[in-house]
Amino acid sequence: QGCEGDMPGASSDSLNANKPILFGYLQSQYDYTFSDPGESTFAFKRARIGVRGRAYDDFSYYFMLETSPFIGSSGDAYIMDAFITYDKYSWAKISLGSYKQPFSLEVATPCHSLVTIDRSIVADQLVAPQRDFGIGLFGGNQYTKLNYALALMNGRGLGVVDNNTNKDIVGRATYKVTNFLTLGGSFRYGYPNTNNTTRSTFGGEFAVVLNNLKVQGEYIYDEGDYNRAAGGGCGATPVELGEKRDGAYIMASYDTKWNVQPVFKYEYFDPNIDVKKIGYQEMMTLGFNYFVNDKIRLQVNYQAHIETHINVDNDMFLAQVQVKF
Amino acid sequence: QGCEGDMPGASSDSLNANKPILFGYLQSQYDYTFSDPGESTFAFKRARIGVRGRAYDDFSYYFMLETSPFIGSSGDAYIMDAFITYDKYSWAKISLGSYKQPFSLEVATPCHSLVTIDRSIVADQLVAPQRDFGIGLFGGNQYTKLNYALALMNGRGLGVVDNNTNKDIVGRATYKVTNFLTLGGSFRYGYPNTNNTTRSTFGGEFAVVLNNLKVQGEYIYDEGDYNRAAGGGCGATPVELGEKRDGAYIMASYDTKWNVQPVFKYEYFDPNIDVKKIGYQEMMTLGFNYFVNDKIRLQVNYQAHIETHINVDNDMFLAQVQVKF
Amino acid sequence: QGCEGDMPGASSDSLNANKPILFGYLQSQYDYTFSDPGESTFAFKRARIGVRGRAYDDFSYYFMLETSPFIGSSGDAYIMDAFITYDKYSWAKISLGSYKQPFSLEVATPCHSLVTIDRSIVADQLVAPQRDFGIGLFGGNQYTKLNYALALMNGRGLGVVDNNTNKDIVGRATYKVTNFLTLGGSFRYGYPNTNNTTRSTFGGEFAVVLNNLKVQGEYIYDEGDYNRAAGGGCGATPVELGEKRDGAYIMASYDTKWNVQPVFKYEYFDPNIDVKKIGYQEMMTLGFNYFVNDKIRLQVNYQAHIETHINVDNDMFLAQVQVKF
Chain W
5 QGCEGDMPGA
15 SSDSLNANKP
25 ILFGYLQSQY
35 DYTFSDPGES
45 TFAFKRARIG
55 VRGRAYDDFS
65 YYFMLETSPF
75 IGSSGDAYIM
85 DAFITYDKYS
95 WAKISLGSYK
105 QPFSLEVATP
115 CHSLVTIDRS
125 IVADQLVAPQ
135 RDFGIGLFGG
145 NQYTKLNYAL
155 ALMNGRGLGV
165 VDNNTNKDIV
175 GRATYKVTNF
185 LTLGGSFRYG
195 YPNTNNTTRS
205 TFGGEFAVVL
215 NNLKVQGEYI
225 YDEGDYNRAA
235 GGGCGATPVE
245 LGEKRDGAYI
255 MASYDTKWNV
265 QPVFKYEYFD
275 PNIDVKKIGY
285 QEMMTLGFNY
295 FVNDKIRLQV
305 NYQAHIETHI
315 NVDNDMFLAQ
325 VQVKF
Chain H
5 QGCEGDMPGA
15 SSDSLNANKP
25 ILFGYLQSQY
35 DYTFSDPGES
45 TFAFKRARIG
55 VRGRAYDDFS
65 YYFMLETSPF
75 IGSSGDAYIM
85 DAFITYDKYS
95 WAKISLGSYK
105 QPFSLEVATP
115 CHSLVTIDRS
125 IVADQLVAPQ
135 RDFGIGLFGG
145 NQYTKLNYAL
155 ALMNGRGLGV
165 VDNNTNKDIV
175 GRATYKVTNF
185 LTLGGSFRYG
195 YPNTNNTTRS
205 TFGGEFAVVL
215 NNLKVQGEYI
225 YDEGDYNRAA
235 GGGCGATPVE
245 LGEKRDGAYI
255 MASYDTKWNV
265 QPVFKYEYFD
275 PNIDVKKIGY
285 QEMMTLGFNY
295 FVNDKIRLQV
305 NYQAHIETHI
315 NVDNDMFLAQ
325 VQVKF
Chain X
5 QGCEGDMPGA
15 SSDSLNANKP
25 ILFGYLQSQY
35 DYTFSDPGES
45 TFAFKRARIG
55 VRGRAYDDFS
65 YYFMLETSPF
75 IGSSGDAYIM
85 DAFITYDKYS
95 WAKISLGSYK
105 QPFSLEVATP
115 CHSLVTIDRS
125 IVADQLVAPQ
135 RDFGIGLFGG
145 NQYTKLNYAL
155 ALMNGRGLGV
165 VDNNTNKDIV
175 GRATYKVTNF
185 LTLGGSFRYG
195 YPNTNNTTRS
205 TFGGEFAVVL
215 NNLKVQGEYI
225 YDEGDYNRAA
235 GGGCGATPVE
245 LGEKRDGAYI
255 MASYDTKWNV
265 QPVFKYEYFD
275 PNIDVKKIGY
285 QEMMTLGFNY
295 FVNDKIRLQV
305 NYQAHIETHI
315 NVDNDMFLAQ
325 VQVKF
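Residue numbers (our numbering), protein chains in the order written: chain W, 5 to 329; chain H, 5 to 329; chain X, 5 to 329.
Just so you know, the hints here were simulated from the structure itself, not pulled from any lab data. Check the hints yourself; a few may be wrong.
Chain copies aren't distinguished; within one or between two, either way the pair holds.
[Said to hold, decoys possible] Calculated cross-link-like contacts (lysine to any residue; reagent style SDA-like; alpha-carbon spacing at most 20 Å):
#, residue 1, residue 2
1, K299, G175
2, K92, D298
3, K92, Y294
4, K92, N297
5, K23, I300
6, K281, T201
7, K92, K299
Between the sequences and the hints, there should be enough to build the whole structure, so can you do that?
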């Protein structure tokens, strides 16, 4: 539930030595916005460094800093995912600390393994705060048919204590229906600001793997109170939300034999279902990933932003080189 | 004088390789305050990561960041203890950098080895700034009868330069009178704000170890000017102080054979000796430590806050899991 | 182009293991200013920690945080130099990320290998921002006669995105004319604030090595717009600049057989060439470096500040102990 796909401190890291493993990744990026006048910049997307390891047989830990100036409130380094996991029982692993809310396939995808540079708008806007303090129960792994996660979280995000007694309940479960199809659902029932006002969020997801073709999609519906200060995911600017809001995406990618993976994604986000004209947006992302080796990845995306009401010149070209260590 | 009990880079770390050792610890915590309405939150207490090591025979170094959002002024990661030590002569080790003021047994206790989750109020309020820039002379170790520390420090705390020419003198000495009894004293004479106004602080301490029972106590007296901006220890909110103030605690713990260590602590703090009624507080802490192994510790405390003048509903329940790496 | 002299991940680090290498250094310092009243403080100069390594044959990475509270805007830890390098062709290495602008010998000198504690005023004031986001081409190494660097950079410094489309071009080339003489030049043509206003900077340098004696000097000329918010190098307070400004230094050092290296430096800086009387300053630095071993260095400097118009009592004594790891 940190930024890694699997549980921290997997056996492949030869953790028997019980030494902390230094790890992280850096995403160096060039962005061009086709506005008038245009904008362009070199920047970082994510820049993470941390340690993880095993504290004897039944406990592991994960401790990661985000150092990108463009994620977080101040631009300095801060603690992002950090938790202690009691993993004696693979169907009831318990994690205490800060980590991602277990909601949505794309949010759960490690930040260095996203197929497009940005997560979908709906994931960044509605699964917010994406990271939170809490205690969680986790079961399954990449080889099991069923995977589940259930967490009790502050609901206020990182860097702050909870300001109410009620905790948010967040959960997600996925099931491999067949060899090529996985279905899943997520929910969150929380108290973003006070003990009296609530927020309910639901999500559905599917993932299909047919030889080299992967198709995945998600729909997220959200209603009730929300915390403007919690921010959007991964540095996204949070937008004003109405009482009810939703969004969805569908994404297809194909692994070619040249380590190049073309990707296409269509998505929409509606910040206020009751008021159709304002804020509704669609986006198409066209791009490819080139895996130089398992540590270096080049990611190129063109984002066609589509505003149905009043068009804005805000298409973007993004190119990113990532190194993992 | 960092967050470790012993000198950084002890031989058990097989430092002959002269490689920096990555180390740290994470304290994940759940707090419940019995106020009306109640408050509860998941959070971190401390989240530290750093390196230490040896630079050939006579020099060692220690470099640690505090990343907990709840300690320090901004919530981001910052450098806390960092110093270079010339340790050729075990009776005159010299350290240059930032570290804890050598004052009080409880302040000197490594933050991951405290018997209760919080230090005593008097240590957090009067030994402030707990950490400072300076140069110090240290002698003795855990096996010697005598231990002493004497430091010349800015007196302004971390993150700022000194604003006056005079430096603070801080010192502490302890002596093992018998196998089971250690007595000690601390003093500080400083210039918290200007070259003209001074502050004087004195402390006395004892520690008794009788088989599995440990009892320790301290009294601290402090008078004169103080720097409101220096903050309290470990994220404690500094209170207004009068011209003279003092406080004390006594704490007993017992090591049972089940790796459970019950602890009881009684303490008082008087921020203004001349005005008895306002601000005076007592606290009783009842709790236990459970050492799962030498890296994982569970710490549970109930804090009964006693205000003698006007009672406030502010008792607290604290539960912490700590991993060291 | 990070804080290391050579490329990150040199073979001497036995990088075949492809493990990230933890490295950094700490500079603990005591400063005394001969003002009236005097000022003195213990503090850090730089406190850096990071990782570097190799991602298979043709890629290396470098990821370093600055944690000194006295460099940067907020006092907290932040990402400073971080880049991914494609180094298959030693005459056309490509780096993407944040690093120093390739301008001036003294700016290029690793921060832990400076001969005087401070860089020259002209380097700190006119090669600003000293660090920036960009993409660069690098050729040569310490054994080749020619070395060159050419970078396309935001021109806005760290922590912010570029606010204009045009990128700055920065370059430097050096050539070993004979065994003992190296000549070099630097240029920068940039857009500090908008697409319309430009800045042009030129620099010339020489370095002579005659047995144990080293003499180096630089002249830097700069004109046009500049960005006040970009700050001076290494925590230097940026001064107001006129339309044209320049500065120079000459520095001599001598390696004695006792590991002591005396150093003398003379420099001047003119923030506004057209207005001679205001802001013009000269400085003489007298000091020595004592290399205890290759990880520990003591550096002592006396800075005689000379204001030709109105004299100010601001001479400084600086003493620094540095540990590298």
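Hint check:
1. With identical chains, the CA atoms of K299 and G175 are never at most 20 Å apart, being 31 Å at best within one copy and 30 Å at best between copies.
2. Within a single copy, K92 and D298 get their C-alpha atoms only as close as 30 Å, which misses the 20 Å cut-off; across copies the closest is 17 Å, which meets it.
3. For the identical chains of this complex, K92 and Y294 are inter-copy neighbours only, at 18 Å across copies versus 38 Å inside a copy, given an alpha-carbon limit of 20 Å.
4. Taking identical chains as interchangeable, the C-alpha atoms of K92 and N297 lie at most 20 Å apart only when they sit on different chains, with a minimum of 14 Å there against 34 Å within one chain.
5. Proximity of K23 to I300 under the C-alpha cut-off of 20 Å is restricted to the inter-copy arrangement: shortest distance 14 Å between copies versus 25 Å within a copy.
6. In the homo-oligomer, the alpha carbons of K281 and T201 never lie at most 20 Å apart, since the shortest distance is 27 Å inside one protomer and 40 Å across protomers.
7. In this assembly of identical chains, the alpha carbons of K92 and K299 lie at most 20 Å apart only when taken from different copies (16 Å versus 30 Å within one copy).
Going down the numbered hints, you'll see the structure goes against 1, 6, while the others check out.
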